[in-house]
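Protein chains in written order, with this note's numbering: chain A, 734 to 1102; chain B, 51 to 319.
Hints may be right or wrong, so weigh each one.
What the hints assert, rightly or not - Each computed DSSO-like pair below joins lysine-lysine, with the alpha-carbon atoms no more than 30 Å apart: (1) A:Lys786 / B:Lys307; (2) A:Lys769 / A:Lys950; (3) A:Lys868 / B:Lys307.
As the list claims (entries may be wrong) - Covered, in the sense of this in silico footprint (three residues per stretch, anywhere, with C-beta under 8 Å from a C-beta of chain A), are these stretches of chain B: (4) 200-214; (5) 283-295.
If you are wondering where the hints come from, they were derived from the structure by calculation, not from laboratory data.
In this text, all values refer to a predicted model and were calculated from it rather than measured experimentally.
Heads up, the beta-carbon is just placed ideally off N, CA and C, and yes, glycines get one too.
Okay, here's what each chain looks like letter by letter:
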Amino acid sequence: MANLELRNISKSFSSKRRNAPETVLSHVSLAVPDGKIFCLLGPSGIGKSTLLKIVCGLLVPEEGDVLFDGESVLRVPVERRGAVLVFQDASLFPHLTVEENIAFGLKMRGASRGEQRQVAAEMLSLVEMEECARKLPGEISGGQKQRVALARALAVRPRILLLDEPFSSLDARLRRSMRAFMRALQRKTGITTLLVTHDWEEALQDSDILGLLFDGKLLQTGAPEDVFSNPVSPRAADFFGVRNYFDVEVRDGTLSSPFGSAPADAPDGRYLGMLRPDQIALLPDAGGAGSVLSAEYGGERIFYDIVPSFSANGCGWSRFRVAASLEGRLREGEKVSMSARCDTIRLFPAESDRREPRETESSYEQDLQ
Amino acid sequence: MKTRSPFAPLLLFAFLTLLLLPVLVLLIWSVARSWPWPSLLPAAYSAAEWKSLFSASSRLVPVLLQSVLLAGGVTLLSLAASVPAAKALGLLSFPGKSVVEMLVLAPVIVPPLSYAPGMHLLFLRLGIADSFAGVLLAHLVPCLPYGIRILTNVFRALGDRLEMQARVLGASPAQAFLHVTLPLIAPGMASAGGLLFIVSLSQYLLTFFLGGGRIVTLSMVLLPLVKDGERAAAAVWSTLFIAVSLLFCLLMERAAKRCASSRDTFFLS
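Chain B on its own, in the form it takes in the complex (with noise of 0.2 Å):
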């Protein structure tokens, strides 16, 4: 017989009130032209702002297309820094580990406005100020931390046993990471690459200093609107915001899913 736990229904208002409450609200005032105090519910409703999102004159494209190609970079880009450096925190013991495990959270505890101004006078000087180079380097400092803390984590619960079998059997290093640590890893980096995609999506000081307002990714456009008080426009944008981190997770999952499993990559079809 199918017991239910006594805290389902308290997990599911939980779920209704913390998650699917805040969205709807949301979507109310993207579509509110005003919502005086203490209406429940607006008292007029206009699609303007949604239009004029999908209008012609619309920085809709622009700006999706370079928060995507930005966040995506950075995703990549520190998931491959992080796979080495966590594989050795993991898995290795070397004098000095616990020292470089603090060191490698240290730019989530430091804020952003202490590094970025001097950041960007060395992009200055480097030539990469002001592009989309530099500001997807400098989103690497703050999701560095993530990507390496959870998949060390993950390496440390795989071991390295299963690789060195590979090892033994015949498999060359690269052999041995592509054919089996790989796919095992592969849900992690998932879970890991969603966390470092919003990470990076989120990113507003960083985006400012470092592009110089030449890049502009969904937050540039995000925290203005909610500055001046534009509550539907702020409420568009944060719509699209949702949209496409949520779209990104799931891209990442199904990649994982598709690696994990041995029939793409195996003799058997």
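For reference, chain A alone in the conformation it holds in the complex (with noise of 0.2 Å):
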């Protein structure tokens, strides 16, 4: 067990298309303090994978240093370094039986064969499946897998454990067992944890601290209800879902938008303001100042995109999304007011950039992937 800190690392590969090398890391810094799970959020291929590599000694990184415990490890090589790396598709040794996975780290340090048995057996009962403790990896299923790599990881009592989007190869029931799983099993054993995910519903329920990485560099980082509520900007917004963008003014402490007015501590000027779909309320009115376009049914509530009538003056997104409760389904086509309070919007300054997505484009896949 120890605290991780990386400090100011960039990392750049050469790339076959360009002459230029291709910045993935720039000036990367983050702590994670001793027992803690700190999750990574970003988008696919945009070197997630690349700082896990670093942390564990498998690349060098340009720039920066990597600290266990406040000490430099970047000299120690990968085999004595500590981090244990599990990947997405669990690579299991296919030749060696699931007993034998588990204990391959020990045998590296020259265990004795008791002592490897004794520490796979452990590990077997706590990832559960001392069943399967004879079988090659070719004979369980994914989730299997991924427990045993798990357990691998953890019989050599790593410093740290690093964890590449280790579920997502899993579908979607087996996915939220496993996370429960993996958050349970860290909570026992007090392993300090980076873990990699491109999902930010897994991202904002398994960690202890949020980090946002875009284009290699980390744009916020907080606890994940306050990254969540309380975003740098409309791009560390867009990490977390469709949101709505409108023009406010703030002048004399009053804030003046679409959805009414209300005293703010900003400066005088123009800003881009925010709410997120939860924050809208509607109510059919045949007055109101936006009609349904579509309504998208969500299990637990209803996604309706409105056209709002302010949007044709140019002070705000054409559509806006907003998360309803089943109750008073409203149909298309009919019109509806919105309200906020107006209290929870969220000011970002005017020259934000931030345009509105092509209506062909689901605003999901563009925002996340």
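Mind docking these for me? Both chains are given alone in their own frames, and the hints should help you get the complex.
Quick look at the structure:
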């Protein structure tokens, strides 16, 4: 167990297509206190895995330092660093049984056969897979493979556990149960964990500290609820799904928006306002300021796409997304009024780069992939 | 219900006519004293060639020993050199890689006749001409392309993920190779090894030039017999050639299986 600190990490790869090296990570700094889970959220292929490989020593950063308990480990080779990486595909050794896979790290350290067997048995009971000890990886299911991979990593009592989208290859139901299992296991063992994922719900639920990684830079870090409700930029806000943007003006301590006015402590000027789909309420209203374009049934709630009338003046996006309860379901084309508590409006500088996605694209996909 | 492929009889027919029939003809030739055209079977039989093969004056033991030692040595050396080269070609990307990959194949394209005399001259200066070591080195030239080519594809299919995983779990580079990579490439090494053995065993020209007539292998015995029309003797030695090759391939498979199964190398017995 240890606390982990990354200071100013930069890494680039030579690109085949372009002559210039491609920057994958630029000046990333973060800290994970002992025993906590830090979750790094970001779209696929933006250097999340690269960062994990740098922490465990498979890659060397061009700049920056990696510290365990305040000591630089950059010069410590992979096999002695004590940071174990669990890959997305579990990467079990196909020629070794489950039990032998789990004991692999101990065998490499020269542990006695008795110790290998004993720890393997302990780990197997920890991940509840005693009955599979003598099976080969080809004979067990995807979820079981991930459990074995976790057990194999924990068997060497690592100082830092690194998880690279460990459950993304599993189906949704199994993924949920494996995540709960992983959280419980992490709490039980208290191992400092750095987890990367592209799934924001997973990131919010599984982390003690959340970091948003985009274009090789860390946009924001903090407690999950803080990052979710107080994003530092529209870019950070968009990590968690579709957001609604509109113009806001502040004058003499009063904010005025399409949703009304409220006292505000921001300096005078024009701002970009943002509300989440769950922060807007809809009411059927023949004289309302919006009309229902479409409805998307989402199980516990319904997502409406609303065309607000104020967007005709160019002071807001042409589509708003609103999450509403299942009661009083609205029809397509119905006129509605939109209301929101104006003190919950999040303000960003007016020049924030937030262009509206084109209609043909699903905003979820565009924002998260 | 078990369904049989409609091609099954065709495959069986091909197996019989293309593989077994030639061997059968070879065996009949080895015991034929006279087999005039157009008879279906020989007019007279004799086991004289087989008797002379196992007689006291036979060259059987020295030739067989030299052939197996030479081809076996070439196989081991080629594999040892091919593994690191193939790993680099299969898993790394570096400038000029495609050129290297093409150059590796060059010895397959260039005929031995064009480089064997020059090689002999060089070996004379180095003092290894007309020796076992010289012939062994020379055989590496036509063998390495096959070894590297096959193992490159083996490494490409394997990837480097598992070796990385081993390192992260605490294995040194040598341990990762020994406990993870080697068992997983062993079947590929066995296939490559069988082929390398046969390629080396078949070398006539290189053995002839570089061995200066002192290194006598199966090919060196076989080719003059064929040339002189000694069909029965040639058939006997050919049968031996096939038997040795098959036996070696089987041994390689066995060794690979043993290496690939964890039972001997890991902690559970």
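Each hint tested on the structure:
1. Restraint check for Lys786 (chain A) and Lys307 (chain B): not satisfied, since their Cα atoms lie roughly 33 Å apart, outside the 30 Å limit.
2. For the hint pairing Lys769 (chain A) with Lys950 (chain A), the CA-to-CA distance comes to about 22 Å; that is within 30 Å, so the pair holds.
3. Proximity of Lys868 (chain A) to Lys307 (chain B) is assessed by CA-CA distance (about 18 Å); at most 30 Å being required, the pair is judged to hold.
4. For the segment 200-214 of chain B, the assignment as covered by chain A holds, since 3 residues bring a beta-carbon within under 8 Å of that chain's beta-carbons and 3 suffice.
5. Counting residues of the segment 283-295 of chain B whose C-beta lies closer than 8 Å to any C-beta of chain A gives 0; at least three are required, and the coverage claim is violated.
Hints 1 and 5 from the earlier list are contradicted by this structure; the remaining hints agree with it.
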